[in-house]
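Please take these sequences and the hints and turn them into a complete structure.
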Amino acid sequence: MKLSGARIVLECLKREGADVIFGLPGGAVLPIYDVLYDFKGLRHILVRQEAAAGHAAEGYSRTTGKIGVCLVTSGPAATNLVTALQDALMDSIPLVAFTGQVPTHLIGNDAFQEADNVGITRSATKHNFLVKDGNDLGAIIKEAFHIAGTGRPGPVHVDLPKDVLVKEWTFEYPETVHLRSYNPTYEGHPGQIKKAARAIVRAKRPVLYVGGGIISSDASPELRELVELTQAPVTQTLMGLGAFPMADPLSLDMLGMHGTYYANMAVHHADVLVAVGARFDDRVTGRVDAFAPDAEIIHVDIDPSSISKNIKVHIPIVGDCKRVLSRLVEAVREEMRTYPQSGVREARKQWMSQIADWKRDFPLRYEWSDEVVKPQHVIQEISTLTNGEALIVTGVGQHQMWAAQYYRVKHPRAWCTSGGLGTMGYGLPTAMGVQAGNPGRLVINIDGDGSFQMNSQELATCFEEKLPVKTVIINNGGHGMVRQWQRIIYKERYCASDLGGSPDFVRLAEAYGCTGIRVTKPSEVVPALEKMISTPGPVVLDVWVDKHECVFPMVPAGGANIDMILAPPSVDVRDKAAKSQTGF
Amino acid sequence: MSTDDARKHTIAVLVENKFGVLSRVAGLFSARGYNIESLSVGETLDPTVSRMTLVVHGDAFIIEQVIKQLHKLIDVIKVTDLSEEDHVEREMLLIRVNAEPAARAEILRVGDIFRAKVVDVTATAYTLEVTGEETKIDAIVELLRPFGIQELVRTGKVAIARGPKTRLRKVEEKLGKPKSAAPAQPQDPRVVGFAD
Ligand SMILES: Cc1cc2nc3c(=O)[nH]c(=O)nc-3n(C[C@H](O)[C@H](O)[C@H](O)COP(=O)(O)OP(=O)(O)OC[C@H]3O[C@@H](n4cnc5c(N)ncnc54)[C@H](O)[C@@H]3O)c2cc1C
Ligand SMILES: Cc1ncc(C[n+]2csc(CCOP(=O)(O)OP(=O)(O)O)c2C)c(N)n1
Ligand SMILES: [Mg+2]
Chain A
0 MKLSGARIVL ECLKREGADV IFGLPGGAVL PIYDVLYDFK GLRHILVRQE
50 AAAGHAAEGY SRTTGKIGVC LVTSGPAATN LVTALQDALM DSIPLVAFTG
100 QVPTHLIGND AFQEADNVGI TRSATKHNFL VKDGNDLGAI IKEAFHIAGT
150 GRPGPVHVDL PKDVLVKEWT FEYPETVHLR SYNPTYEGHP GQIKKAARAI
200 VRAKRPVLYV GGGIISSDAS PELRELVELT QAPVTQTLMG LGAFPMADPL
250 SLDMLGMHGT YYANMAVHHA DVLVAVGARF DDRVTGRVDA FAPDAEIIHV
300 DIDPSSISKN IKVHIPIVGD CKRVLSRLVE AVREEMRTYP QSGVREARKQ
350 WMSQIADWKR DFPLRYEWSD EVVKPQHVIQ EISTLTNGEA LIVTGVGQHQ
400 MWAAQYYRVK HPRAWCTSGG LGTMGYGLPT AMGVQAGNPG RLVINIDGDG
450 SFQMNSQELA TCFEEKLPVK TVIINNGGHG MVRQWQRIIY KERYCASDLG
500 GSPDFVRLAE AYGCTGIRVT KPSEVVPALE KMISTPGPVV LDVWVDKHEC
550 VFPMVPAGGA NIDMILAPPS VDVRDKAAKS QTGF
Chain B
0 MSTDDARKHT IAVLVENKFG VLSRVAGLFS ARGYNIESLS VGETLDPTVS
50 RMTLVVHGDA FIIEQVIKQL HKLIDVIKVT DLSEEDHVER EMLLIRVNAE
100 PAARAEILRV GDIFRAKVVD VTATAYTLEV TGEETKIDAI VELLRPFGIQ
150 ELVRTGKVAI ARGPKTRLRK VEEKLGKPKS AAPAQPQDPR VVGFAD
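Line order of the protein sequences matches chains A and B. Numbering of the first sequence is given in numbering that gives the first Met the number 0, commencing with residue 0 and proceeding in unit increments. Numbering of the second sequence is given in numbering that gives the first Met the number 0, commencing with residue 0 and proceeding in unit increments.
Note that these hints are calculated values from the structure, not bench results. Hints may be right or wrong, so weigh each one.
[To be verified] Simulated DEER-style distance windows between Cβ atoms:
#, chain 1, residue 1, chain 2, residue 2, range
1, B, Ser29, A, Val287, 18 to 28 angstroms
2, B, Ala30, A, Leu178, 34 to 44 angstroms
3, B, Arg31, A, Lys530, 44 to 54 angstroms
4, A, Ala110, B, Ala102, 47 to 57 angstroms
5, A, Val287, B, Val87, 37 to 47 angstroms
6, B, Gly26, A, Gly16, 31 to 41 angstroms
7, A, Arg14, B, Ala30, 55 to 65 angstroms
8, A, Glu186, B, Arg31, 20 to 30 angstroms
9, B, Arg31, A, Leu498, 31 to 41 angstroms
10, A, Glu167, B, Arg161, 51 to 61 angstroms
11, B, Arg108, A, Asn108, 46 to 56 angstroms
Fair warning: this is a prediction, and the values are worked out from it, not measured in the lab. C-beta: ideal position from N, C-alpha, C; glycine also.
See below:
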């Protein structure tokens, strides 16, 4: 069958089960848009800036488990997309991104809207392709989806020269892919799994530390089984939130720089730390030589390069979380039959009571005020009103951390945040993609006034495409996270952290055809949230909060997790942090 | 994490012989801040596979990451740290050196000792070709320096494992012989090895 390259692209997407594309047209991809004109079975969502197409595809992907697809034109569109690709790479989100390219015979000629797309995206993707021969189109797209979705997931970029799209080629879509150079390991090594089971069963102070890998491999049921069997407490990374229900008594909530006191203390004192689908990021470990110093560390990860990258691991297991965990559960069960639990029963009881003390004495807390809205309060109320059942997206900054601390995520794939890259502006476009993939679900974007302004143009997309995303702006009149660092570390020399010239977000929402609501008093928070949830269509809720509020606990940069502070720090700690070279 | 056993490692990498592979490997080194001392590339018996020889400086921890990161590149088929096994390393040097009549005999004598070949002669210069281990190449360069070196070029190291069946060879075999039965492919390992 002979088809134009443009039609081949869309036929391939259909065969891969894609139902939504996020995109924005331009000269080089117009042949695809021409086919799209009357193509059945693919919804195209027209964004207002290309990075938004990428982020929307990320949100779609994380919450549906499918591979997100976006399509943009050559040159400036491709460069706009790069931020979203790098974001997806850092957070292991599977995407297939298409860009247009000048015709093959003009490549390298400084042609109109030419950029070295594959050169630019090479380090921002798991893999990329420049299609030079239309006969390879089917095979390349098949490989792109295969690579994006298997192993450690990530973004794959396919660059499409215009002549390849225009000319006709024989279309054959391969049923399967075989790449001799790419064979991710899914099954963990049985000997290593047995070793891990032995360590877990003998542990006196075990902690499970789980991350985004549990989400991407849908391993929550297996994790639950392991927890039930071992009764070990579970802490989750920012990317792992929802892997384990945060309301469960065994949940220690998030660990790391802005994690809970009890999570960081538990990890610090653990004798066996089981890391599953988490990558020992510096936000999590703090000073590495002081991270879990007494623990035997077991690490399950599909990417061998994650293992022993930052922290020396004692029992590495390369494999898929889901499969390894289900084997591990069997192995632990087996081990429990032979190893008398009486040996550790007493120590385990003490451990759980120690953890309970930490939880009781140092819970997450903030000062209540009758005058000014506390940001934590807003998020707590969102959590209560939605019963943890909403799909949550965040921007980047303080509000993101408060969302992580105070929203009790109940389910996997219900939490989207930019963890690795920390991309301000991620919120609204990602929420849009989440909504497109989950029609009828309540999608709440908890955003910052700074972050929101980096992609607020997407309100137009929400309005036009009938994506009823609810945005709650935690409006502290500036770059709160920057202000926090300047307050705590840079001796209150506030520089470029206030956003005085922000627009009236209520009127901005209305200008886009959306509903705008403002809250300035604590008593208005709940009614306004209720109104937001019950109002059809996209809503922006602008909540004026206390601009002086800081996120605590906090591990000052360069510090050990055990040195976390629960209130503004001493001068000593401040000066040490000011010299640290790791930023937020 | 770091340890103090930093040294040079010679790493052999089999890659798909595809557009862009070299830039992926080179890009990896710059993106991750690894020190690459030399890189050489050539086809293998299977024309769809290229072989790169990299010389990288680092401690055990860095080298482990280098190998893992190389592996992670989709087009990389196999990575072997040859420094971990018995192997032969060679580098080739082309060097053009001033050759005044009075110095000619001495230059040739040095060349002889190093089993260099004279590949070009002019009224005022000799161009020599030398292969050998890195230290040997360094040594001849030093000996020729006093005569006045006009220009020199080194290929960077290539390396091959000794022994009847090395891990890398097995993979090359598994990948299959060249698809078109090319007549009389040179089977002499020295073709790749620059053995002298
Ligand atoms: C302002 C700010 C503050 C932050 N503070 C914190 C903080 O206090 N605490 C915190 O935790 N984070 C924090 N982060 C996020 C942090 O930067 C990292 O993004 C996060 O910790 C990484 O989460 P993760 O370890 O779960 O890894 P991810 O990035 O989710 O990576 C997943 C890991 O699992 C592996 N994997 C993927 N799929 C599979 C599979 N199928 N099977 C097995 N393994 C798999 C991958 O190889 C990878 O190693 C902060 C970010 C920002 C922007
Ligand atoms: C694209 C981008 N630019 C800059 C930063 C650095 N940065 C991190 S948090 C932050 C402030 C965020 O402000 P806002 O969205 O209002 O959130 P808040 O901290 O006030 O809750 C900045 C500037 C970033 N993470 N991303
Ligand atoms: Mg703000």
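These are the hints, each one checked on the structure:
1. Between B/Ser29 and A/Val287 the CB atoms are about 24 angstroms apart, so this pair conforms to the stated range of 18 to 28 angstroms.
2. The hinted window of 34 to 44 angstroms between B/Ala30 and A/Leu178 is violated, with their beta carbons roughly 22 angstroms apart.
3. Judged by the Cβ atoms, the range 44 to 54 angstroms given for B/Arg31 and A/Lys530 holds: they are separated by roughly 50 angstroms.
4. Checked against the hint of 47 to 57 angstroms, the pair A/Ala110 and B/Ala102 passes, with Cβ atoms roughly 55 angstroms apart.
5. Between A/Val287 and B/Val87 the beta carbon distance is about 39 angstroms. The supplied range of 37 to 47 angstroms therefore holds.
6. For B/Gly26 paired with A/Gly16, a C-beta distance near 32 angstroms keeps the hint of 31 to 41 angstroms intact.
7. In this structure the supplied range 55 to 65 angstroms is violated for A/Arg14 paired with B/Ala30, their Cβ-Cβ distance being about 34 angstroms.
8. The given range of 20 to 30 angstroms is respected by A/Glu186 and B/Arg31, whose C-beta atoms sit roughly 28 angstroms from each other.
9. Distance hint check: the CB atoms of B/Arg31 and A/Leu498 are about 36 angstroms apart, consistent with the given range 31 to 41 angstroms.
10. The supplied range of 51 to 61 angstroms is met by A/Glu167 and B/Arg161, whose beta-carbon atoms lie about 54 angstroms from each other.
11. Under the hint 46 to 56 angstroms, the C-beta atoms of B/Arg108 and A/Asn108, about 54 angstroms apart, fit the expected range.
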